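Peer 1: Residues per chain, in single letters:
Protein chains: 2
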Amino acid sequence: MNKESIKSLLNPVAAYKIGGKLWIECNGKKIFGPGPVELLTLIEQTGSINKAAKEMNMSYKKAWEIINALNELVAHPLVITQSGGEKGGGSVITDDAKKLIEYHKQLRERFEAFLERETSDLSL
Amino acid sequence: MNKESIKSLLNPVAAYKIGGKLWIECNGKKIFGPGPVELLTLIEQTGSINKAAKEMNMSYKKAWEIINALNELVAHPLVITQSGGEKGGGSVITDDAKKLIEYHKQLRERFEAFLERETSDLSL
Chain A
430 MNKESIKSLL NPVAAYKIGG KLWIECNGKK IFGPGPVELL TLIEQTGSIN KAAKEMNMSY
490 KKAWEIINAL NELVAHPLVI TQSGGEKGGG SVITDDAKKL IEYHKQLRER FEAFLERETS
550 DLSL
Chain B
430 MNKESIKSLL NPVAAYKIGG KLWIECNGKK IFGPGPVELL TLIEQTGSIN KAAKEMNMSY
490 KKAWEIINAL NELVAHPLVI TQSGGEKGGG SVITDDAKKL IEYHKQLRER FEAFLERETS
550 DLSL
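Sequence lines, in order, name chains A and B. Just so you know, we're using the numbering used here here: the first sequence kicks off at 430 and counts up by one. Just so you know, we're using the numbering used here here: the second sequence kicks off at 430 and counts up by one.
Same shape as in the complex, but just chain A:
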């Protein structure tokens, strides 16, 4: 079906859009949606799981559950927690985590491009 053919079916005064959601599954479970990526990014920015969780209105426990789940599903840990020391601990994300964030961003850009391309086919 060509593009003109589909356009002829549509109501010329309406606005059409192709919408969608995307996620990464590991062993059949959704693991890497926008939430975990935001959490990792906030840990990077704040240096603290606690602060990151607070900014997301998430409990510390819930944040740890996400991190533990993520750490188990990749080859190497994504978050490293330093305990004690002069600064009293804190958490950092690993280079692998930064690469995953970047991959996720690029994946979302490819998906947005797909949606925009399809939406433009419906624009009268």
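Do not take every clue at face value.
Treat identical chains as interchangeable: a pair holds within one or across any two.
[To be verified] Straight line, CA to CA, 30 Å or less: simulated BS3-like cross-link-like pairs of lysine-lysine:
#, residue 1, residue 2
1, Lys459, Lys432
2, Lys446, Lys459
3, Lys491, Lys436
4, Lys491, Lys446
5, Lys432, Lys483
6, Lys490, Lys432
7, Lys450, Lys480
If you are wondering where the hints come from, they were derived from the structure by calculation, not from laboratory data. Since the model is a prediction, treat every value here as computed from it, not as a measurement.
Once you've looked at the hints, dock chain B against the given chain A.
Peer 2: Frame of chain A, contents of chain B only:
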């Protein structure tokens, strides 16, 4: 980020997949997901809104609501109901409806191809 780089981050014994959902919005409302398409297809097959609704475990009223909503959002009606006559009425879908079903099928195929391409990039 290249494909080998992302693969090196993953757990080699896990199975990764990119999953997703797609829909068509009209004036900001989701209108053409798998449900309405199945309903139109079943009306075509059975010649009856009532039978189509039953096969989908949907009330006749709900089926009509979907059809009315669809009819308003396109240039020309998608379902035509014939009342009375020897065969006592019945419903048919229009050529426009058949074209929309075909468009939707092709759109889903393009989306599946996108997901498969992205998933193959994560396959070790």
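Peer 1: Hint by hint, say whether it matches the structure.
Peer 2: Quick rundown of the hints versus the structure:
1. In this assembly of identical chains, the alpha carbons of Lys459 and Lys432 lie at most 30 Å apart only when taken from different copies (21 Å versus 34 Å within one copy).
2. In this homomeric assembly, Lys446 and Lys459 come within 30 Å of each other (Cα to Cα) both inside a single copy, at 25 Å, and across copies, at 9 Å.
3. Taking identical chains as interchangeable, the C-alpha atoms of Lys491 and Lys436 lie at most 30 Å apart only when they sit on different chains, with a minimum of 27 Å there against 47 Å within one chain.
4. With identical chains, the CA atoms of Lys491 and Lys446 are at most 30 Å apart between copies only, with a shortest distance of 24 Å across copies and 35 Å within one.
5. Taking the shortest alpha-carbon separations for Lys432 and Lys483, neither the intra-copy value of 47 Å nor the inter-copy value of 34 Å comes in at or below 30 Å.
6. In this assembly of identical chains, Lys490 and Lys432 lie within 30 Å of each other by CA distance neither inside one copy nor across copies; the values are 50 Å within and 34 Å between.
7. Taking the shortest alpha-carbon separations for Lys450 and Lys480, only the intra-copy value of 28 Å comes in at or below 30 Å, while the best inter-copy value is 32 Å.
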